[in-house]
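Trainee: The chain contents come next:
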Amino acid sequence: MPRISPSALRQARAISPLLPQLLRPCRELQSAQNELRWLREHAVKVASTKQWPQWHSYLQVLCRKRGKGVPLQYLLGSEYFGDLEIICKPGVLIPRPETAASVTFLVERLTEKGHQLPGELRVLDLCTGTGCIPLLFRHEFSRRSSTRLRLMGVDISRAAVELALQNQGRLETPPRVYTAFSFHQADVLSPNLSNPSASCPPLFEVLNDQGHMQWDILISNPPYISPQSFFRDTARSVRNFEPHLALVPPSSPIVPDEEKGDPFYPRLLEIAEKLNVKVVLFEVADLQQADRVAEMAQRGGIWKGIEIWRDEPSAPSHQNETGHVQFPTLGRGNGRSVFCWRDAAKSWLGAAARAA
Amino acid sequence: MFRTSWACRTCLYRLPRQVVWRQLRFQSTTSAGNISPALIARARSMTSEHSQLSKQLADAFESKTAKKIGELTPVVSALKDWDKANESLRELKTLIDDPSTDKELRDLATEDIEQSKGQLSRASQILASSLIPKHPFADLPCFLEVRPGIGGGEAAIFAGDLVKMFQAYCSKNGLNVAILKLETADGTSNLSLSGAGLTEAILEIDSPGAYGIFSCEAGVHRVQRVPATETKGRTHTSAASVIVLPSFPANGSEELDFNDPNSDFFVDPKDVRVDVMRASGAGGQHVNKTESAVRLTHIPTNTVAASQEQRSQARNKEQAWTMLRARIAQARREAREEEMVRLRRSVVGVAKTGRQDKIRTYNWNQQRVTDHRSGLSVHDLDDVIEGGDTLEKVMASVRAWMVDQEILGLVAEVESQK
Ligand SMILES: C[S@@+](CC[C@H](N)C(=O)[O-])C[C@H]1O[C@@H](n2cnc3c(N)ncnc32)[C@H](O)[C@@H]1O
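Residue numbers (the working numbering), protein chains in the order written: chain A, 1 to 356; chain B, 1001 to 1418.
These aren't lab readings, by the way, just hints derived from the structure by calculation.
We put the CB at the ideal spot given by N, CA and C, even for glycine.
What you were told as hints is all true, and nothing was included just to trick you.
Chain A stretches covered by chain B per the calculated footprint, using a threshold of three residues with CB under 8 Å from any CB of chain B: (1) 26 to 34; (2) 83 to 96; (3) 234 to 240; (4) 327 to 340.
Here are the simulated lysine-lysine pairs, DSS-like style, with alpha carbons at most 27 Å apart: (5) 50/A to 68/A; (6) 113/A to 1270/B; (7) 1317/B to 45/A; (8) 50/A to 65/A; (9) 1181/B to 45/A; (10) 1164/B to 45/A; (11) 1080/B to 1067/B; (12) 1317/B to 113/A.
Let the sequences and hints guide you as you build the complete structure.
Mentor: Structure, rendered in structure tokens:
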């Protein structure tokens, strides 16, 4: 990581003595200044509710923590995900803007003019974390369509499920356009791979108990970083402060290093088939992983259309970013997700049928 | 690109009439009897259009016609008053000139004639201003952008003083004001917590007609005082600039149709490039930076609007769109006004104050504020800077001056068409 130049530090100190320590996590002066402003607003707010005697001493505490790399979202207690403010707590992964872009794009594709949707759309989100994906799906979908929704989020972590329920409670909006919305603790991988940290029921047991073995859409942003990439490519504040369980999947030592981020995908595709899912959207780390996942899906033989979406899937593709041969690749930025649909979903996705 | 709007035709509609009249009487550059015959001719033709349309409306109601009639009505009644004043003056003159008038009556008439002249002068003024077309942004809310100019730290402090002045003016006059952006030199977002002054502020005055009220504030404000930081007691001269932009309702309205490609307010989303700041590198789960900044570029005009105030990217995008629309519409409007000014200048020298020109000086040592356009000086500087009635007095003098400029321009334009 490049060192921060002494002149940048001097400049920062001239503006505020609190700023230089924020330069470490932020790298750039402008974003350090933005963070200082948000932290100050937060400190003033907290002090005004008497949770802390003095806002400036609290601000100093916050800046010191931020300087050590604690994610801003944990300090402020939330992150924006599309239009929604999602509560964040240490122990549960902070939602990322790329995920919000994919979910929004999926909803746009489903709600384009003239598309025929079933009377009720059933959406399952595996590895749900804060619950941000089904919450945003509902928010974006219900302002475009009057189709009813059944939503379920599943995570292995108790803390995640509790936080997701809290977020759901906070974002509850009266005209209910969904028949059900729930979060459950379950292990997505078992019984395929035993997960040592898991002492919770397998997914199918929970689905069976709930009586919901049929789903239309499966979304997942599973742990996808390989152990090697975890040490090489993640930011320090991710590595040191976000839950390892959310980032790095368990992997067997015999697979090649670059495939050690993949274990969730074959399992997710298998689940999709068992639950009779018509559309899947999986987030991935990059174009290479997207390729591998798209190929896995193709080998399954049941998917009529397979696409790769980049960070900003709705943006026009750059010339130099096309040239991907095998699968249609949409948008701008890093390879970000794999999108597959079955013949039965053709009428839901006019544009998808066109692209194939 | 963002020049000040140099004329505010709206104040006549916006402000208590008496204020405007008084100002016009004392400061007018167009005086009574010599109202241009060209303007009278125009008023007459508008009046006949008015009666024609009224007949049409009696036959069949049409909202467009009704609207047009509404626009012409002030001209019609102003012309009627002017004719009446003219008529009574003529009668008095005839009376005086008539050798058969007895002395007592003549004396009375001579006394009255002064008053009648005053009446005619007022009527002329009102008639002239009724002919000025209404500014299309007049009834809109507005944005005020305040930035320090030359003068370093002292300019930053003065820019902060101006922001507080506008805020106080708004609260005293029942206008809604919100801070959209406020950056201080020490990174504080609160002026009263910061001793360092301002680097940039954007205020939104969300009351209808705010554009008409504040367009007289656009330009360079100059300050002369001994800065708090000055140890040798020297007076410094520094400056801050103010830009006034119209603020459009998010989805247009009946009159401001965003979807009408011919309107000033239309911005085709296809012409706008959206750049969101993304953490470079792998992205996704690998990083958790808060990069919520959004930048919009209107490609045909290379107009840029950016926002990084909010943690929410969606909110930043909305804010950037509002600013982009405001800038483009203002630029288009000004391009047309520029064109008009050129036309008028070729006929007579019409004064124009661009945003690069200094418009007002605040002199602390003498406790004096002088507006360089209207020429008005007031001595209650504290009341001005606290947004009090004295500031309103200064602003009103400028609005009146702007109306005068408009009238001059209109005369030039009408006469050049003959
Ligand atoms: C990358 S996070 C995604 C969180 C959220 N969906 C989002 O986009 O912000 C992955 C989540 O998967 C959960 N997880 C890890 N292993 C799991 C398993 N075997 N079964 C179910 N969930 C698991 C983690 O607890 C974590 O919340």
